[in-house]
Amino acid sequence: MDLNAPIAVKIRGICNHFGDQVIHDGVDLDVRNGEILGVVGGSGTGKSVLMRTIIGLQRPSAGEIEIFGEPMTDEENEAQLDLRRRWGVMFQGGALFSTLTVAENVQVPLREFYPNLGQKLLDEIAAYKVVMAGLPANAAAKYPSELSGGMRKRAGLARALALDPRLLFLDEPTAGLDPIAAAGFDELTKDLSKSLGLTVFLITHDLDTLHAICDRVAVLADHKVVAVGTIPELLATDYPWIQAYFNGLRGRAAQSAVDRHMAKGA
Amino acid sequence: MANKAEFTEEQGAKGTTLRVSGRLTLSNLEDLPQRLDAIEGPAAQIDISAVERVDTVGAWIIHQFSGRTGAQIIGASEEAKRLIALVSLADADVRVRPEPVNPVVRVVTEVGDATVIALRTLLGLVAFFGAILMASWDIIRNPRRLRINAIVHRFELVGVKALGIIGLMSFLIGIVIAQQGAVQLQQFGAETLTVNLVGRITTRELGVLMTAIMVAGRSGSAFAAQIGTMKLTEEIDAMRTIGVSPIEALVIPRMMAAVIMMPLLGFYATLVSIFGGGLFCWVSLEIPPITFVQRLQEVIPITDLWVGLIKAPVFGAIIALSGCFQGMQVEGNAEEVGLRTTSAVVQAIFLVIVLDAFFAVFFSQIGWI
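If you read the protein sequences in the order shown, they are chains A and B.
If you're matching positions, the first sequence starts at 59 in our numbering and goes up one per residue.
If you're matching positions, the second sequence starts at 301 in our numbering and goes up one per residue.
So here's chain B without its partners, still in its complex pose (with noise of 0.2 Å):
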């Protein structure tokens, strides 16, 4: 480029003197400053008369330069020494990064942090649940308090506008199960065992898991954005002042939502599975509905719907928990929402399995097998 930001030396009297000409911009320096660096002083001067332009960053530089060698500024035009001054002011001893941390500190301090983190979420969680508990307790002597019309607009929300991908979830789910048995148990002309498989791994577990996941997914994330952002908002704070319990109003109506709807629509996914296990029977394995119903009928214990439905209610109570629980955590920006938002699924998810684990214990422990 014509314009392109060029130096040559030159020895005189007094010394190395820099004459440096063209565009002294950030656009046309190129590898100026590089090679400019690599020149080690002392310096006399550092002629810019012959520069065209300069911005702060060419200010800068020879600045710099002036400072590193201790050359002389000669030649500088108007705007040239203006910036150089302007430049010379901003020149303080500027940490760029952040203080370097031993990376063994480092990861003992992450494991610090995030063990107290768990136990404080624990902590805050049962704390929680007290709240929630204590409030329920005021409802009771005083039922008038309850907020029939919220809850009802939940149910709406956490029930019946999941019915359409909690069906075809477990409709696939149903056949999925149905067709990988089979080929199992094709291996031991057991196939007829399919009914047997479809129909008791649903109604004991799969029908609620799942859907206490899609729950999680669909709802407990929603309580924990929509309560996130009242808090971000001042709009929880707001209740309070005026004299609205933020448990009473929110927390509440999600739970008795997530704990009514769970079982139903445990029941009701359970019931698409073996629907949809029911249909691949009969496409697949020539079973007709009518054996596939009467076989049913003969497994499956009716202990096996109780599991299911037990549990069911549980769930939803973790699943709107840990919801809400999340949500109240927000704090300072909306950045805390997402985050809470994604602990909130991540834990209910979590403590519903493990919470799954116990009853399966406990279910066959009592003999409900």
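Bound-form chain A, shown alone (with noise of 0.2 Å):
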């Protein structure tokens, strides 16, 4: 990974509170381009709302955003909306207009920034990004309720797509998914990352996610992200709870399966 690639997205000083709540308290963060950066921490530190807060669905007390070196405001002008067509985002469930088809919600944003795009255009565009999105030819007929959970979020990141964003938050790509179909999106996750240049900020649980495809994993925990860095360059640390997840007993389990897939791949 580029040590000096340029920032997609710098985050200073957030902080979040709900009530007397605080979830973030000061988080730093630098999204480098290109690369793909997994956000891990325990259940309630806030990395969905740190997503929400830089895709601007949540408005911070404090802190600064920027994208691609714009910053980001609450004012709806022509240039926060530019900014917004950058970038995709997929929600945990998809969150599939669910009385559109598939091939549907892929034209919502391309309908909705690009009016004057032919009706064939369109279906040619949703046809092929959801191929590629690894759906089968038959799901983009389909209405969200006929797909099973797995095909769902390809349906989500085939809407992420649409507008060929530079930059794609992934929010638990890989939960509720079985072992095979899980790897298959990691898969996609990378593949994608790479053939399209895409930045990824991806939110995981999921130890396998983070050895197989991230190139950086960045902490949150008590209130501010507490380390970034490669996976190797984490467990040189010694903070505790990261000691916990890639030291426990999963942490261990998922590091020894890429021990193992590397040695047959030599």
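Source of the hints: derived by calculation from the structure; they are not laboratory data.
Be careful, since some hints might not be right.
[Claimed, not checked] Listed next, the in silico DSBU-like pairs over lysine-lysine satisfying Cα-Cα at most 30 Å (straight line):
1. A/322 - A/105
2. A/178 - A/68
3. B/314 - B/304
4. B/381 - A/178
5. A/282 - A/178
6. A/68 - A/105
7. A/252 - A/105
8. A/322 - A/282
9. B/304 - A/252
10. B/461 - A/178
11. A/252 - A/178
12. A/200 - A/68
13. B/314 - A/248
14. A/105 - A/178
15. A/252 - B/381
[As the list claims (entries may be wrong)] One-sided and incomplete, this derived list gives chain B residues near chain A with beta-carbon spacing under 8 Å:
16. 364
17. 367
18. 395
Glycine included, each C-beta is placed from N, C-alpha and C at the ideal position.
Mind docking these for me? Both chains are given alone in their own frames, and the hints should help you get the complex.
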């Protein structure tokens, strides 16, 4: 990973609280261009809240966010709208519009931002995005209720990719998937990020995902980002939560799975 | 825009060559796709060496054009090659729209579906009523299994907390009946008959009926939503595994609360309506309260009160039955809870009005007029 790559998302001093409950107290984090950054933390440490803050769904009580060098504000102006179409978001359950088919779901952002696109091109775009997200060809005409959980996530990814974003936010992409579907999704994320040159901000609990596809991992604890780096770098720190997370039973199992995989490949 | 995607056509020795320039990205396409579509093949080459930037949509357009006209793609940058390879991998025969259905077939199917669903609901309702009767019988044999605390808690939610809104509604209805009645009766110089109108219509019909509609909206919907949510979160399954009957723990207390609270609320609503009507008569028709009450005693037979009070527990049972039944039908997702709650209220109000019609005929036939 290029250490001097330009910064895609720059987070400085973000504070968030709900009533008396402090979620974030001065979060600093940089997401570099072209990397897959995994964000981990215990339940309730505000991983999703951090993502919602970055994409503007949650207003921080303090702090600044820059995306591609441009500051995020609450204003509803042209520049902010332009910024918004440069990222795609996949929510945990896919968050597909239930009254629309998968293809129509993919077309929603396209229609919203580019009303002049012809129907034929819209259909073609929806078709190749659906296939690109790894869905079978017959899934495009189906409604979200007719899809399995894994397919719904892929459809959510297809919609997130509709506008050819350079930045992709994934909220627990492998949660609730069986190991085979989860591995498939990891593979897909990695392939797409490589071939489309995507920067990926990925929230996860899944140790296998972290080992398999993340270039760096950021650890949220005690209301801040306590460490950022590759997994070996994190293992070198002596922060107790990080040690418990990566050196726990599951952490070691995931690590040895990666080692075995590497040995087989070599 | 300076970077707008453009193309020029050139006729060469080998055939037509297209030279594309500018930014071949979603935001710079404008009418390029339509114009490219207008070119009929075959074309020899499509030169994209002058393209500054390309995204997957641009790559798709190039790929699609080249596939349609047989043009060879030349001058592609590394990035363009990568993206074109990516989209050509994703080029599959995809059906974007669901298969169209013949409208006649669709209407017939929908009518059939609706009929089957209506019959199933009716059957389910009867079966559910049976389950409640069986559970009640169990409780009668084992009175210690009656959950007094749960029932008293429901009394508060269904009854006490509804007093404010039902009182306000009934008060206003009383005034409206008196006012509208007085306007009509004045034409015959019979405005004193307003007392008869207000007194009898509220005791016989409106007191209980409007209360039933309000309870259906307030409590019937709450029953459906509560039980439906518990069904979704598998609380009901958990109860069954532990050996607690959900009918006994959830449905019977709600049923009893509705059956016992409805007559009380109905009676209260009747009184408040009469009070509202009386107030109007006093202020507007100058009938003093003492006279109003005396007239009420003369014109309302006691059977009118029985008519209202006999109907009330039946309405309560219907409301609790359809609320709990619809709640127990929830399956799948959160959307279902909303749908079932709506059906619970619609079903309850519909059944209440149908039964009210039967009651009206019945009481007239037995001479309680």
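Evaluation of the interface hint that places residue 364 of chain B against chain A, nearest CB under 8 Å: Holds - the Cβ of residue 364 of chain B comes within 8 Å of chain A, reaching about 7 Å at its closest.
30 Å limit on alpha-carbon distance, applied to hinted pair residue 252 of chain A and residue 381 of chain B: Satisfied, since the Cα-Cα distance of roughly 14 Å is no more than 30 Å.
Hint check: 8 Å Cβ-Cβ cutoff, residue 367 of chain B to chain A: 11 Å, violated
Restraint check for residue 314 of chain B with residue 248 of chain A, where alpha carbons must lie at most 30 Å apart: 41 Å, violated
Holds or violated: residue 381 of chain B to residue 178 of chain A, with C-alpha atoms at most 30 Å apart: Distance of about 24 Å is within 30 Å: holds.
Residue 282 of chain A paired with residue 178 of chain A [C-alpha distance capped at 30 Å]: 48 Å, violated
Restraint status (C-alpha distance of residue 105 of chain A to residue 178 of chain A at most 30 Å): 40 Å, violated
30 Å Cα cutoff - pair residue 68 of chain A, residue 105 of chain A: 16 Å, holds
Distance restraint between residue 322 of chain A and residue 105 of chain A, which requires alpha-carbon spacing of 30 Å or less: 34 Å, violated
Proposed proximity, residue 252 of chain A with residue 304 of chain B (alpha carbon, max 30 Å): 27 Å, holds
Restraint check for residue 314 of chain B with residue 304 of chain B, where alpha carbons must lie at most 30 Å apart: Holds, at roughly 28 Å.
Hinted pair residue 252 of chain A and residue 105 of chain A, Cα distance within 30 Å: The given pair, whose Cα atoms are some 24 Å apart, holds under the 30 Å limit.
When the structure is compared with the earlier hints, violations turn up for hints 1, 2, 5, 8, 10, 12, 13, 14, 17 and for no others.
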